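Numbering (the numbering used here) for the sequence shown: 155 to 595.
Among the hints, erroneous ones may be present.
[Said to hold, decoys possible] Straight-line Cα separation of at most 25 Å, SDA-like style, residue types lysine to any residue; simulated pairs:
#1 448 <-> 401
#2 567 <-> 582
#3 350 <-> 231
#4 163 <-> 199
#5 166 <-> 197
Hints listed in this document are in silico derivations from the structure and should not be mistaken for laboratory results.
The structure displayed is predicted, hence computed values, not measured ones.
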Amino acid sequence: MSQKEALLKKVKELEVGFIHLQFTDIMGVMKNVSILTDQLDKALDNEMMFDGSSIDGFVRIEESDMYLWPDLDTFTVFPWTSQPKEARIICDVYKPDGTPFVGCPRNALKSVLKEAEEMGYTMNVGPECEFFLFNTDEQGNPTLDTHDNAGYFDLAPIDLGGSARLDMVNVLTEMGFEIEASHHEVAPGQHEIDFKYADALTTADNIMTFKMAVRIVAQRHGLHATFMPKPRFGINGSGMHINLSLATLEGKNAFYDEVDPMQLSATTYAFLAGVIKNARGFAAVTNPTVNSYKRLVPGYEAPVMIAWSASNRSPLIRIPAKRGNSTRIELRNPDPSANPYLALAAILRAGLDGIKNKLTPPDPVVTNLYEMNDEERSLNCIDCLPGSLFEAVQELAKNDVIKGALGPHITEKFMDAALYEWKKYSAYVSQWELDRYLRKF
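The task is simple: from the sequences and hints, build the whole structure.
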């Protein structure tokens, strides 16, 4: 029985009535085309067409026909639906001539993964996704009022979001996730759910699914879940730390070397060097909103300095203690507003750049970077991440490695969208300005 026939049989046995064909736009927003199951056979033959010109950053109206090619391995039933049940399949976007559409973020990640494979590597990724739960008003609109005043690792009854978080874990488990941990985070109303690592493409799919499921479960509890990096001033923002490692094509961890003093391989050091070299260039991709840079400030546990350490949590990159098959690096600047396909593509290509060019990283830092002054950082040649979206886009514009990961089409559309957002933000008169200047001048 073919994979297609097996899926059609499964859909019938599970009494699924609707299928959502999902894909992601350049800015990381999930889109979908919903069909009845009697159209599934047609969809599985890659014959489901949609208007690409209606999706931001895709194509012009005169070349709008696009096709959705389902990835059958991503089929899953939505646990929150009753009869008729609903399911989803994640799709790649293709052109009418049968070639992959270069504006599809999933295709961009596949392209960089192929590049890594040609070098003898695969990439495994485990994300740490943080989010806030806020109360809603009588109309169901989100407020900034949190449902608790709990802190890091607090338990109910202080952590009033524990019930919602437990439901999220149960729903995600039903959808095939292996949940490793869930807990209250540092800020009031802030939570984290960690799921097991997987290959990079599966992880990117899982991040998109995770965000969708968390929002839906929160809504059923009368709460609003947001992955906005910094929704409130004066408290920690939400990050999406990326734990990643390379493996050989035979499945061996390519970051581990028991002979090295730190038990890290030459591949690890070169990969680290590539990430450090290109960090300012990929910041616009891993931190793609104006609000992202309100999180990346000193004092709230978010990394600002481009450095690495074996244990210190203040730099951009940390090396967790476990070795052997668990040897990995933790990149701490990404936030959950990032498009996971583009973020992982950019990070991987940055590391591959280090491997290709046999780059050497700077020495690891052992002191708390937050306590260093500008002169000390300068003496240690420690650079900073961009301080704004505008600065980050300028860095992306001159970084050929990261632009190569995205491709010309996505690079142009992504930068246009980011600069448009920056211009709108720069022209807006904020409450902070009114509070500071209205009576003063």
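Regarding the pair residue 567 and residue 582, is the alpha-carbon distance no greater than 25 Å?
holds, 23 Å
Within a Cα-Cα threshold of 25 Å, do residue 448 and residue 401 meet the stated pairing?
The hint is violated at about 35 Å.
Are the Cα positions of residue 166 and residue 197 separated by 25 Å at most?
Between residue 166 and residue 197 the Cα gap is close to 15 Å, so the pair holds against 25 Å.
Quick one, are residue 163 and residue 199 close enough, alpha carbons at most 25 Å?
Roughly 16 Å separates the two Cα atoms, so the pair holds.
Taken at face value, is the distance from the CA of residue 231 to the CA of residue 350 at most 25 Å?
The hint holds at about 20 Å.
Violated hint for the displayed structure: number 1, the only one.
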